[in-house]
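Student: Protein sequences appear in the order of chains C and Y.
Anchor point for the first sequence: position 177 equals 166 in our numbering, and the numbering is continuous, going up by one each time.
Anchor point for the second sequence: position 79 equals 1561 in our numbering, and the numbering is continuous, going up by one each time.
There's no promise every hint is true.
[To be verified] Heads up, simulated DSS-like pairs for lysine-lysine below, C-alpha to C-alpha not over 25 Å straight-line:
1. K1502/Y to K1513/Y
2. K102/C to K17/C
3. K1499/Y to K205/C
4. K1503/Y to K205/C
5. K1495/Y to K1544/Y
6. K130/C to K23/C
7. K1498/Y to K193/C
8. K52/C to K16/C
9. K205/C to K1513/Y
10. K1502/Y to K193/C
11. K1512/Y to K104/C
12. K107/C to K16/C
13. K1495/Y to K104/C
14. K193/C to K1499/Y
15. K1544/Y to K193/C
16. K17/C to K130/C
17. K43/C to K8/C
18. K1502/Y to K205/C
19. K1513/Y to K1544/Y
20. K193/C to K1508/Y
21. K145/C to K130/C
22. K1495/Y to K1512/Y
In short, the hints are calculated from the structure, not lab data.
Remember, it's a predicted structure, so these values are computed and weren't measured experimentally.
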Amino acid sequence: MEEITEERFRNPEEAIIDKVLLLYFIKKAEEKGKIWGITKLMKLVFFGEREMVKDRVKGFNYKFYRWHLGPFTPQIYEDLEFLIENELVTEREGIETTDHGEAILSELDDLLKLKENKAVLEYIDRLVDRYASEGTGELMKAAYESEVELIPFKIKARVRDVPAGYDLVTKLSETEAREAFEIDDAWLETLDILLDRHAYESLKEAMESARTRASKRVIIDNL
Amino acid sequence: MRYELYETENAEKNRKKLGKKDARIKDNIKKAYERLSQDPYSSTTFLTGTLRGKRKIRLMGKKLRITFAICEECRRLGHTAFNNCVDCEHIPNNAVKIFDVFFRGRGY
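Next up, chain Y with everything else stripped away, as it sits in the complex (with noise of 0.2 Å):
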């Protein structure tokens, strides 16, 4: 099965921002969502506390960092009460709602 992408404003304006910037942190983003169009479950990672209820995926040695939700997954949990999208009813099951796309200059 394959998953349709979503993003919010914030993801759309950070991805161009950042595509803008750096050529391989563009081909790298768009590497990352082919990957989470084909499998969102496959390497990445539940976040907890504040932020549950989403998921992240890092790439480029972890500096690059994309917070998203998968939509049947959020449903099946009960997580939509944590996400809360205002779109939420238009948008099918299999889709990968992208939150934020960041990069960080530096590690810890």
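Excised from the complex, chain C in its bound form (with noise of 0.2 Å):
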């Protein structure tokens, strides 16, 4: 059996990758169709990620395995949820992005242009011409029949033949990647703030101030 390790679990600099491609998923979806629930968005993601991980190029990094419904992840609740609570994405009518998210992928932009990363998003634009206007059963229908290569066993299988619990499609690390999407510290400390509704509102509501209203010295021993 393969060797459980942190390797295996999405550090802070891919959880925000993470969330960034999911927005950007999630916006291009819904050019092309309704995003109903959270399973065709899990289905979606999956296919991704498991184009991406067959030509060794680094992007998603979930963790998918085999579950009732197929291909399954909680981590795409967890970054869902934290696009909704940062208003970002909104499931009132289907999820899809709201004014705010979509304002933030536009301040992405230099990001999302960069050589490296625009391969990474060109996977996703694929993938949302080819299945985002499909219904849901549609999706879990291709979704188990898809073939996956099976690790540790390194051995090919439909996804509906695989036992619960296992592994499907897993994060390449650095060294297995052929291509990732390239994120430096500027932009991961930026995004920080960017994704965080309060934080980014609080900044900008502080550069209006300084725009506007003279700063005050702060003299430490007094605090």
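With the hints as a guide, bring the two chains together.
Tutor: Okay, here's the thing in structure tokens:
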């Protein structure tokens, strides 16, 4: 059996990248069809990560395993909850980006336009073109019939034949990847603020305050 | 060289609010301010995109975030156009402008 190591869990950088890619994914998917619920979103992202991993492209870092409705990962629930909490995405009439979510995506334009990152986004674009207009039932069927390479046995199997609980697709490590979504420290720290609605609002107010009102000198001993 | 610290109204308001809420946060903000007054370049990261021109320091397991600009650096790199501080002319080079103090309860 494969040894369980920290390597298989998402690090903070990977968790931020997943949230950015998920936000991009939702935006792209809603242009082609409605994402009525998390089951459809889950299957779409599964197809995306499976294609990326097959080509050794490190984009999404979710760990999908076989569960009752096919490929499943609780990490998408966590990320979707985060995006909803921060008003980047809403679940009111299906899963879709909010105006704020779209504004943040346009602020990330320079990051998303990087050559390496465009290659990762092209996987999402292609997948959305192919599957986003499909209904949840068709996607579930397609997911059951899809083939994965079982880790750690290195054998190929259809999802429907895989016993519950077995890993179907897991993130690539840096060394396994041929290409990866690139993000430097400056972008990581910036995203840490941009994705957090309260932090961003607070900083925007502060920036406005700096532009319009004089600041006060701080005497540390008086704090 | 020591740096003088300046706060925006928001930074002052948030610092006081957080300090009242939790003495530990108050202590950590004070420590962070001391660090910034000694060496604002050390262990701080540049921001980019729409937040270009500012730096960030994180403390308390990355929950406490202070966003600031180093005035000498801001002027040297031409970041004044991004920060556009109304009182720029009245603040010396050896100064740190603290834009915001923010505390987040949960991480990623």
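Student: All hints are to be evaluated individually against the structure, with a verdict given for each.
Tutor: Hint check results:
no.	hint	verdict
1	K1502/Y to K1513/Y	16 Å, holds
2	K102/C to K17/C	15 Å, holds
3	K1499/Y to K205/C	17 Å, holds
4	K1503/Y to K205/C	22 Å, holds
5	K1495/Y to K1544/Y	21 Å, holds
6	K130/C to K23/C	18 Å, holds
7	K1498/Y to K193/C	19 Å, holds
8	K52/C to K16/C	22 Å, holds
9	K205/C to K1513/Y	19 Å, holds
10	K1502/Y to K193/C	23 Å, holds
11	K1512/Y to K104/C	42 Å, violated
12	K107/C to K16/C	16 Å, holds
13	K1495/Y to K104/C	42 Å, violated
14	K193/C to K1499/Y	18 Å, holds
15	K1544/Y to K193/C	20 Å, holds
16	K17/C to K130/C	22 Å, holds
17	K43/C to K8/C	21 Å, holds
18	K1502/Y to K205/C	20 Å, holds
19	K1513/Y to K1544/Y	14 Å, holds
20	K193/C to K1508/Y	23 Å, holds
21	K145/C to K130/C	18 Å, holds
22	K1495/Y to K1512/Y	15 Å, holds
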